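**Q** Protein sequence lines correspond, in order, to chains L and P. Mapping the first sequence onto our numbering, position 26 (from 1) lands on 26, and the numbers just tick up by one. Mapping the second sequence onto our numbering, position 52 (from 1) lands on 52, and the numbers just tick up by one.
Calculated directly from the structure, the hints in this document are not laboratory data. Note that the structure is predicted; figures quoted are calculated from it, not measured. Do not take every clue at face value.
[Stated by the list, open to error] Derived DSSO-like pairs: lysine-lysine, alpha-carbon spacing no greater than 27 Å straight-line:
| id | chain 1 | residue 1 | chain 2 | residue 2 |
| --- | --- | --- | --- | --- |
| 1 | P | Lys5 | L | Lys364 |
| 2 | P | Lys332 | L | Lys14 |
| 3 | L | Lys333 | P | Lys294 |
| 4 | L | Lys332 | P | Lys5 |
| 5 | L | Lys163 | P | Lys15 |
[Unchecked claim] Covered by chain L, according to a simulated footprint, are these stretches of chain P (three or more residues, beta-carbon under 8 Å):
| id | stretch |
| --- | --- |
| 6 | 6-12 |
| 7 | 90-99 |
Every residue, glycine too, gets a C-beta built ideally from N, C-alpha and C.
2 protein chains.
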Amino acid sequence: MDERKGLLRELLSKKPADVAEVLAELSDGQAAEVIHRLFLRGAATDALAEMDPDESAGVVEKLDRHEASTILSRMNPDDAVDLLDELPDEVQQELLSRLSREDAQVLTNLLAYPPDSAGGLMSPEVVPLSLSMTAQEAIDFLRQRQEEAETVYYAYAVDDAQKLLGVLSLRDIALAPPDRSLHDLVVRDAVSVPVDADAESVARLFDKYGYFALPVVDAEHRLLGVITVDDVIDVMRNEATEDIYGLASVPTEEGLDTSWWSSFRLRLPWLYARLATALAAAFVVGIFEQTIAKAVALAVIMGVVAGQGGSAGMQTVTIITRGMALGELDRKKGWRLLAKEVALAIVNGVLIGATVGAITYLWKGEILLGVVVSVAMLLNMIIAAIGGVVIPVAVRGLGRDPSHISGIFLTTITDVVGFGLLFLIARLLLPAIR
Amino acid sequence: MDERKGLLRELLSKKPADVAEVLAELSDGQAAEVIHRLFLRGAATDALAEMDPDESAGVVEKLDRHEASTILSRMNPDDAVDLLDELPDEVQQELLSRLSREDAQVLTNLLAYPPDSAGGLMSPEVVPLSLSMTAQEAIDFLRQRQEEAETVYYAYAVDDAQKLLGVLSLRDIALAPPDRSLHDLVVRDAVSVPVDADAESVARLFDKYGYFALPVVDAEHRLLGVITVDDVIDVMRNEATEDIYGLASVPTEEGLDTSWWSSFRLRLPWLYARLATALAAAFVVGIFEQTIAKAVALAVIMGVVAGQGGSAGMQTVTIITRGMALGELDRKKGWRLLAKEVALAIVNGVLIGATVGAITYLWKGEILLGVVVSVAMLLNMIIAAIGGVVIPVAVRGLGRDPSHISGIFLTTITDVVGFGLLFLIARLLLPAIR
């Protein structure tokens, strides 16, 4: 009991993000118990808001419904919606039904936007200003309504139809002479985000312009809300994780804290997918069993030919898919990159091919065997370069995330083609096999 | 000539980040020409500051030195230092010598910090406030000195020895009653960054707390400068790129716009490193040439055994190294993860091993061959799981970035062990080979 009180006192002295870190280490039931005690001291809302929504949802499910809906009503709407999104439908509906009609309406509107869109990221808590105000009037107006605005580092000017006219920096308003008109302070060609923009392109806008917040508008350019950079940092981190996982065939849902059973269920399908592609490559080798029996050296070297193609091709796939994720790849560049990668493959293929051919010759003393290996290596690296550019472009054309499945396609091709080429060229050139 | 004027007019109407994008597409000489024209209209500084420093450095080298130093003196010091860092020493020295003594001193001080440390990221342009001021006095003080401060969305309170006392939000100052003392507005337990903290840990602080700016302090807690979130976004993006590239053995210096010749020089060493590991695996296969000659089926299936180990192990490496990059892996978790990964490998290994064993049996009709393949697969997947945890931890222990070289080590082990195990177990169990 004393230990509990000590923990509570310690948590009350911490910042919400630090409390969230402690809560994430506890079981859902224990965390709900702690949240209940923090709630009685008025310190539950910020800590829950700082947790990952998929973690806080589990905690909220264990909370008394009345307490949960009170916490929800105190959260910033963008955080509340992220949390609601992770809850089972019936819990979501019950919590919404306990809120004031106004709060429930705000959250229901936000829930309609996909979580990975600008609408899903934005907070509707923005206080629009009229350009007819002076700097001092704007300060007074914001002072009255500061509870309603998530961020007032920027303010937004709108016309009578709520259409966005421009952006005002709170710094400029605060530091201007008090009687200066907002007309003189507004920046009119403000960057804004369409409400249906996907989260990735929103992140790229923040990355490019370095703003702390951007206004969100509908198709008629009416101001709907604001996205702040802290929400975008989460998007960027999660996208980087997804891309890294995708290239290694790790399920995007996994993390260090995923349970044994979840990891098992998530990874097994990927391992079976990999197995299917490995068996396809083995099938090609199987076709040439007779060839191998006559020249076992081919079995020794075939992994090198296939593997180097895979390595070189994955370099290309990685650079192309990362360029796509950062929004740097346009159509014109695509063709230039294809030419560049093929040229690289030819030069690298000649060098690597000659090296492996020479080693094979030194090992077996058969010059023709060395030639077979060199040529197969060169050709496989050219195929790998073409595949490394074409596969991600094709995958993106089909509307899938290229970083997630391009790798599997590419290595399947470099294995199958690498083995096939080696044995076919050996059959053509090696007298021992004919 | 008219075309040039048209381009200039178009650029003058764009935001600096958009101008930077156009400049990045031009050759250094062309870009310097455009910068010269923008300079005459007073619009060069922001555009250059928005470019990647490694790109803008090439442009600045082509500029008239007098013009370049004038632009440098107008830049925010943190941007100026990033640019200077990329210039050849003699150009750097010449430009510094043309600045005012005061400006040169500021930049020389900043250049002493490593670029990937808090000191390298910070701007020294911060206006410290005294807590004896009222809100209105603070506004007046900031209004006078607003040119000197990179960001005044937060202000920082210091004592007479310049030690950081706390953080003040400009929003709170501006919206407070004018006669309110800063004592009532300051947040005293402010998060601050030690000047020697590395960029990765700075990025994690921003990610965790969601602030727009953090104060940088020295060992005596004296305020040195401020880091803003836009600089940290660059750090996060570059680190994600490096980690993605590392896992695929792509040199971290590369991007979509890297020249043919640079790509060639950068990638070839990686390809030869991969080749060395592939040859090590081939060497193991070569030892068992006689075994293969007696049972060619082993050559067909050996790639599946080695490849599945590599795939499963890379899943583990990827999750561990990403967890390390996000700062989520502590010592206690390390042991728990090792146990979890080994347990997963046993279950997955039994399932995948049984599948491949059954397929081998159906193909060749030899039950013992199926058993050999199953056992080798299971054991290789267990080795892969252990390697997948131990290798990144060991690489980090040696002070290297685990995401950059763990993959090569792991696949070398899974290849060598996979081949070796398969042939050794075959020799033990298969009567045809004995």
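**Q** Provide an ascending list of the numbers of those earlier hints which the structure does not satisfy.
**A** Result: hints 1, 3, 6 and 7 break, sorted rising.
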